[in-house]
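So the protein lines, in turn, are chains P and H. Sequential numbering from 1 applies to the first sequence in this note's numbering. Sequential numbering from 1 applies to the second sequence in this note's numbering.
Quick caveat, the hints were computed from the structure, so don't treat them as lab data. Only a predicted model underlies this, so the values are computations on that prediction, with no experimental measurement involved. Here a beta-carbon is modelled for each residue, glycine too, at the ideal position from N, C-alpha and C. Treat each hint with caution, since some may be false.
[As the list claims (entries may be wrong)] Derived SDA-like pairs (lysine to any residue); straight-line CA-CA distance at most 20 Å:
1) H:141 with P:11
2) H:83 with H:157
3) H:83 with H:32
4) P:155 with P:288
5) H:83 with H:25
6) P:155 with H:157
7) P:355 with P:261
8) H:141 with P:165
9) H:141 with P:273
10) H:83 with H:72
11) P:155 with P:165
12) P:355 with P:443
13) H:141 with P:2
14) H:141 with P:341
15) P:355 with P:341
16) P:155 with H:30
17) H:141 with P:60
18) H:141 with P:155
19) H:141 with P:61
20) H:141 with P:288
21) P:155 with H:25
22) H:141 with P:7
23) H:141 with P:454
24) H:141 with P:421
25) H:83 with H:28
26) H:83 with H:30
27) P:155 with H:164
[Stated by the list, open to error] Derived coverage of chain H by chain P (criterion: at least 3 residues anywhere in the stretch with Cβ under 8 Å from a Cβ of chain P; other residues may be distant):
28) 41-51
29) 147-156
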Amino acid sequence: MTDLILLAPELILVGAALTLILTARHVRRAQPAAVVALVAAVGAAGFGVTVPLQEFAVAFEGIIVRDGYARFFNVVFTANLALVTLLSVRHLNAERVRPAEYHALLLLATTGMMLAGSAVDVLILYLGLELMTLCSYFLVGITRDNPMSNEAAIKYFLLGSFASAVLLYGIALVYGATGATDFAAISAAVSLGQSPLLLAGVALVIGGLGFKIAAAPFHAWAPDAYQGASPPVAAFLAAGSKAAGLAALVRLCLSGFGPEPGMWRGILVALAVLSMTIGSLLAVSQSDMKRLLAYSSIAHAGYALLGLIAGTPEGASATMIYAFIYAFMTLGAFGVLIGLGERAEQLTGFQGLAKTDPRASGFMFLFLLSLTGIPPTAGFAAKFAVILAAVRAGYVALAVVAVLCSVVSAYFYMRVAVLMYMRDPEGEPPQRFPIAVLAALAVAALVTVAGGIFPGGFDGWAAGP
Amino acid sequence: MAISAGQIVFYYLAAAGIASAILAVTRRNPVHSVLWVLSLFLHVAGLFLLAGAEFLAAVQIIVYAGAILVVYVFFLMLVDLPKEEAGPRFGAHWPLCLMVGLGFAAIALWVRVPGLQTAAPAPAAAPNTGSVESFGSALFKQFVLPFEILSLVLLAAIVGAVVVGRRRTEA
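Pulled out of the complex, with its shape left as it was, chain P reads as follows (with noise of 0.2 Å):
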């Protein structure tokens, strides 16, 4: 029983998408699913935060564990899955996606986002990035009438496919080495030495979760996925499905492969490089506005990994906190996408937008900043918490192309704000944003401001597992 109601978030948003799967034929309008995904995000969000569970809480034999980590996860998880449902009601009805299957596919891709976070044994962490990312395929693709929608699921499957089957035969190799699934002991067997067998089992497992976060060089599904998708969509795979591979990546690394980290920091290393170069200087040439933030997810995966190369605790919550306030400031991003309109796919949809829509622009300002590392935002403190972890543990090199690659950034983030602030309008003002859309851009507006302001308040809740 005590496993059922450590499951129970879980298990609030399985009950939801089982709930729209069965009334599916009935639910005609986006508003009726958005709602019940909704109230199933907040009840999942506020049962795994206020319900009062010891330390450590292990559940179903030790493969599941409810500690501070995975409740941090679960909460950028549901935050996600509720700020998405917020900016897809209006795209639903637009483009005739049917909304009670689109809700139980967010549903369940949320579900398997926090059983990755919350896995302590590689056969759970498997299984929730594989539910995770066998929903994104189809979120991808479910705007089936239009064909670069299409292509874009078809490409985003075989290469997620094969990275799953990387990660998998990964894991495989790993059993096979250390004769364990479980975070424990595959630590212990980590820590009587190492083999051949090992060391291509950790690399192909760093390989298959690189793809998830988007690192480069398994970066190459971002771009066209994010273009091909309905922005909702690019914006729940931008923020979701990179913490949740984060989440993962950093509990493996840091309790499954933690005794020996020489293991895995060299790859880490190599991903980050790449990651904040080819993401930041791609970036640059980018005139569609999905492929930008595309390349910038990329470049701030490999931000994001800074913190776990470092592999202290302070870096690992550095981390964490990398992935949390990136999601909402990339959800913010994304929701100003999602309420321009088709206008905004193209970056010259941008252009004069002050004059025209100074609360839209306004929005847009503030999440570009946050996205370059500007302060007061809270991008800022995020990338100076991780560069510092960096320093600290000794890789100064590392910290400085951090930095280089941000000034790199800046260009083409900025370029939005002078093409909003500097420019005549052209063509027809936007439409009124819809209230929803509204509502999710304030959210993620207030993290952005307040993280900035108040660095320190994730303190002591962001810890590493």
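On the provided structure of chain P, position chain H as indicated by the hints.
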């Protein structure tokens, strides 16, 4: 060195399995390839049987030889067979693929050092219970949560397939 009957059977199954696998990837005619894959599945099922895993052997035949192979055959119906036979059997990257495959095989061989065998957990040696019974109790006791998550994965796959594969949206 005395060779038991079990060893002879093992070496036959292993050698025939590898030979079937090689034939499956080298045959020009895709239908022949699929038949060799069937032979591979049957020999692997024999290996499972030899290892005392009757349930896995049955599943191997029912799921792989029965279901998955049928999907392959269905897929072959979409392929232009004469054109496939005329084209080159391998893509340009086959040396790379061969190297990766041999690399993993080498790692697997190299780590067969004494002491590693003990690291792997001994199969739950419950006396007098068939492998089906121990498999079933493991599935619904120790692995009940992964089992339930897998059912969610399958549900998501079904729902997604219906959503993406349905007829065009009614305008």
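Here is what the structure says about each hint:
Proposed proximity of residue 141 (chain H) and residue 11 (chain P) is supported: the alpha carbons are some 19 Å apart, at most 20 Å. A distance of roughly 33 Å separates the Cα atoms of residue 83 (chain H) and residue 157 (chain H); the hinted pair therefore is violated under the 20 Å criterion. Between residue 83 (chain H) and residue 32 (chain H), the direct Cα distance comes to roughly 15 Å. Compliance with the 20 Å bound is thereby established for this hinted pair. At roughly 19 Å between alpha-carbon atoms, residue 155 (chain P) and residue 288 (chain P) fall within 20 Å of each other, so this suggested pair holds.
Simply put, residue 83 (chain H) and residue 25 (chain H) have alpha-carbon atoms about 17 Å apart, close enough for the 20 Å limit, and the pair holds. Proximity of residue 155 (chain P) to residue 157 (chain H) is assessed by CA-CA distance (about 17 Å); at most 20 Å being required, the pair is judged to hold. Proximity of residue 355 (chain P) to residue 261 (chain P) is assessed by CA-CA distance (about 53 Å); at most 20 Å being required, the pair is judged violated. For the hint linking residue 141 (chain H) to residue 165 (chain P), the alpha-carbon distance of about 27 Å lies beyond 20 Å, and the restraint is violated.
For a cut-off of 20 Å, the pair hint linking residue 141 (chain H) to residue 273 (chain P) is broken: about 44 Å separates their Cα positions. In summary, the hint linking residue 83 (chain H) to residue 72 (chain H) is supported, as the alpha carbons are separated by about 18 Å, within the 20 Å threshold. Distance hint between residue 155 (chain P) and residue 165 (chain P) is fulfilled; the C-alpha atoms sit about 16 Å from each other, no more than 20 Å. Simply put, residue 355 (chain P) and residue 443 (chain P) have alpha-carbon atoms about 24 Å apart, too far for the 20 Å limit, and the pair is violated.
A C-alpha spacing of about 16 Å is found between residue 141 (chain H) and residue 2 (chain P), which places the hinted pair at or below 20 Å, so the restraint holds. Straight-line distance between C-alpha atoms of residue 141 (chain H) and residue 341 (chain P) comes to about 50 Å, which puts the hinted pair past the 20 Å bound. Distance check on the hinted pair: residue 355 (chain P) and residue 341 (chain P) sit about 17 Å apart at the alpha-carbon level, within 20 Å; holds. Restraint check for residue 155 (chain P) and residue 30 (chain H): the C-alpha separation of about 25 Å exceeds 20 Å, so the hint is violated.
The suggested pairing of residue 141 (chain H) with residue 60 (chain P) holds, with an alpha-carbon distance near 9 Å, which does not exceed 20 Å. Between the alpha carbons of residue 141 (chain H) and residue 155 (chain P) the distance comes to roughly 38 Å, so the proposed pair goes past 20 Å and is violated. Only pairs whose Cα atoms come within 20 Å are accepted, and residue 141 (chain H) paired with residue 61 (chain P) is accepted, the gap being roughly 9 Å. For a cut-off of 20 Å, the pair hint linking residue 141 (chain H) to residue 288 (chain P) is broken: about 51 Å separates their Cα positions.
Pair hint residue 155 (chain P) plus residue 25 (chain H) does not hold up; C-alpha atoms about 25 Å apart against a cutoff of 20 Å. Note on residue 141 (chain H) and residue 7 (chain P): the hinted pairing holds, with a Cα-Cα distance of about 16 Å set against a maximum of 20 Å. At roughly 47 Å between alpha-carbon atoms, residue 141 (chain H) and residue 454 (chain P) are farther apart than 20 Å, so this suggested pair is violated. Between the alpha carbons of residue 141 (chain H) and residue 421 (chain P) the distance comes to roughly 62 Å, so the proposed pair goes past 20 Å and is violated.
This hinted pair checks out: residue 83 (chain H) and residue 28 (chain H) have alpha carbons roughly 11 Å apart, not beyond 20 Å. At most 20 Å may separate the alpha-carbon atoms for a hinted pair to count; residue 83 (chain H) and residue 30 (chain H) meet this at roughly 11 Å. A threshold of 20 Å between alpha carbons decides the hint, and for residue 155 (chain P) with residue 164 (chain H) the separation of about 15 Å falls inside it, so the pair holds. Figure legend: the stretch 41-51 of chain H, annotated as covered by chain P; annotation inconsistent (0 residues with Cβ-Cβ distances under 8 Å, at least 3 required).
A stretch counts as covered by a chain when three or more of its residues have a beta carbon under 8 Å from one of that chain; for the stretch 147-156 of chain H and chain P the count is 6, and the coverage holds.
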